[in-house]
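With these hints in hand, go ahead and build the complete structure from the sequences.
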Amino acid sequence: MARPMEEIRWQDLEIGATVSEPGCSREYKTGSWRSLRPVVDGEQCIRCGVCWLYCPDAAIDRSEDGHFQADLDYCKGCGICARECPVGCITMEIEES
Amino acid sequence: MDKFSVYAARLVEKGEYFASGHRACQGCAEALAVRLVMKALGRDTIVAMATGCMEIVSSPLPTTAWEVPWIHVAFENASAVITGCESGMKAMMRKGKLPPKKINFVAMGGDGATADIGMGQLSGALERGHDFVYVCYDNEAYMNTGIQRSSATPWGASTTTSPAGKLSKGQRTQKKDLPKIAIAHNIPYVATACPSFPFDLMEKVKKAAAVEGPAYLHILSVCPTGWRIPSEEAIKYGRLAVNTCVFPLYECLYGKYRLTYRPNPILPVREYIEGQGRFRHLTPEDIEAIQERTTAEYEKLVKLSEEV
Ligand SMILES: Cc1ncc(C[n+]2csc(CCOP(=O)(O)OP(=O)(O)O)c2C)c(N)n1
Ligand code: SF4
Ligand code: SF4
Ligand code: SF4
Ligand SMILES: [Mg+2]
Chain A
1 MARPMEEIRW QDLEIGATVS EPGCSREYKT GSWRSLRPVV DGEQCIRCGV CWLYCPDAAI
61 DRSEDGHFQA DLDYCKGCGI CARECPVGCI TMEIEES
Chain B
1 MDKFSVYAAR LVEKGEYFAS GHRACQGCAE ALAVRLVMKA LGRDTIVAMA TGCMEIVSSP
61 LPTTAWEVPW IHVAFENASA VITGCESGMK AMMRKGKLPP KKINFVAMGG DGATADIGMG
121 QLSGALERGH DFVYVCYDNE AYMNTGIQRS SATPWGASTT TSPAGKLSKG QRTQKKDLPK
181 IAIAHNIPYV ATACPSFPFD LMEKVKKAAA VEGPAYLHIL SVCPTGWRIP SEEAIKYGRL
241 AVNTCVFPLY ECLYGKYRLT YRPNPILPVR EYIEGQGRFR HLTPEDIEAI QERTTAEYEK
301 LVKLSEEV
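Protein chains in written order, with the numbering used here: chain A, 1 to 97; chain B, 1 to 308.
Mixed in with the good hints, there may be bad ones.
As the list claims (entries may be wrong) - As a list, the in silico DSSO-like pairs of lysine-lysine whose alpha-carbon atoms are at most 30 Å apart:
| # | chain 1 | residue 1 | chain 2 | residue 2 |
| --- | --- | --- | --- | --- |
| 1 | B | Lys-101 | B | Lys-206 |
| 2 | B | Lys-303 | B | Lys-256 |
| 3 | B | Lys-14 | A | Lys-29 |
| 4 | B | Lys-102 | B | Lys-14 |
| 5 | A | Lys-29 | B | Lys-236 |
| 6 | B | Lys-207 | B | Lys-236 |
Stated by the list, open to error - Sample of chain B residues facing chain A (criterion: CB under 8 Å; computed from the structure):
| # | residue |
| --- | --- |
| 7 | Ala-9 |
| 8 | Arg-10 |
| 9 | Ala-19 |
| 10 | Arg-23 |
| 11 | Gly-27 |
| 12 | Trp-66 |
| 13 | Glu-233 |
| 14 | Ile-235 |
These aren't lab readings, by the way, just hints derived from the structure by calculation.
Since the structure is predicted, the reported quantities are computational estimates derived from the model, not experimental observations.
Beta carbons: idealized from backbone N, C-alpha and C, even for Gly.
What follows is the structure, encoded as structure tokens:
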């Protein structure tokens, strides 16, 4: 978005309340909702992508070395990935901050 | 997931058309259903969406989670609006005002929007034969306004307008059979699906988009908030609904029924019912009654899929 979301006032909205920037919900970081954080054991991860497929928030990415990892900007900490991982290499840890 | 499907996840479309930052509850399998449906449809898609959780969570101003043209309409008229788009754009293509292109015209609504409020308009759109897909996300109540019963709420479920108590078992009526209503319109394609079975779901979405004429998809979408289950169990309960035959996965292509997945072994419905807060008040006899009905309905479906 051209300006930070919080600064947009109703006068700035387009006619018909059109939103012309696709996928700009990404400006809104749902990661702050999280009380549990998924931690992937990269050694054990078989890189199958099941966690990625089942995440309702599309909040899992490939890491640089190829294993899968939660994107903490958006992960809401639901625990689905940990529950569905076929090798059980994701643990949900209490979020400190 | 079985061994084969585990790695099949990596073959799935990488693009996201329902973006992160949407405000669905933690573990919302309805949001997962939308995400998977959109992966299967791809970018050449126009969506009209009735109000409901998915509309609300995806479009708080000034943001949108949609990566395709999307319009929010009133509760009842998603089918009317999308079929208007379809007719209008086809006319413009015919007249050379738009380049010819295959576009997926898709209406989406919750069970309240579909089974109750938009039923008439859906029926009209199916009857007129437009080339469009209707997707119903069935979480078995009006969830967005705080869990009110709809005609797709199953018998015995406690909601705020069918509360369980001393004199009430919760929802008093049986779940309306929407896929069968769609089939009764003699449209090319009708299917049931559940995001716990993502490959089956995406294949059906592709079929629905490919057939010429109307298609209807009914997607069981587990809602941890309304069903009162832990968020991490949303996938598990979808799987249980299918494996207990409470929600069989089938399709009906040009009148020909086919079960796309046959649970083996079929699990007792008790396993599906027990952990859910909305069914917590049910007695073993109540659960037995649900079991009997479930078995009878499934047997009917098996028979239908064996007829050629
Ligand atoms: C005509 C009308 N009546 C009521 C509402 C309020 N309302 C908004 S969303 C919603 C619930 C939708 O239920 P459903 O279609 O099952 O979708 P869900 O939220 O469960 O996904 C209601 C009652 C409305 N927006 N318009
Ligand atoms: S905890 Fe939930 S939101 Fe976070 S990455 Fe896992 S599945 Fe996605
Ligand atoms: S599901 Fe588990 S094993 Fe598969 S990619 Fe994710 S973390 Fe790795
Ligand atoms: S109430 Fe249910 S369907 Fe609605 S966003 Fe929350 S989990 Fe999803
Ligand atoms: Mg609903």
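Outcome of the hint check:
| no. | hint | in the structure |
| --- | --- | --- |
| 1 | Lys-101(B) with Lys-206(B) | holds, 17 Å |
| 2 | Lys-303(B) with Lys-256(B) | holds, 12 Å |
| 3 | Lys-14(B) with Lys-29(A) | holds, 21 Å |
| 4 | Lys-102(B) with Lys-14(B) | holds, 21 Å |
| 5 | Lys-29(A) with Lys-236(B) | holds, 27 Å |
| 6 | Lys-207(B) with Lys-236(B) | holds, 26 Å |
| 7 | Ala-9 | holds, 4 Å |
| 8 | Arg-10 | holds, 4 Å |
| 9 | Ala-19 | holds, 4 Å |
| 10 | Arg-23 | holds, 7 Å |
| 11 | Gly-27 | holds, 3 Å |
| 12 | Trp-66 | holds, 6 Å |
| 13 | Glu-233 | holds, 7 Å |
| 14 | Ile-235 | holds, 6 Å |
The structure is consistent with each of the numbered hints, conforming to all of them.
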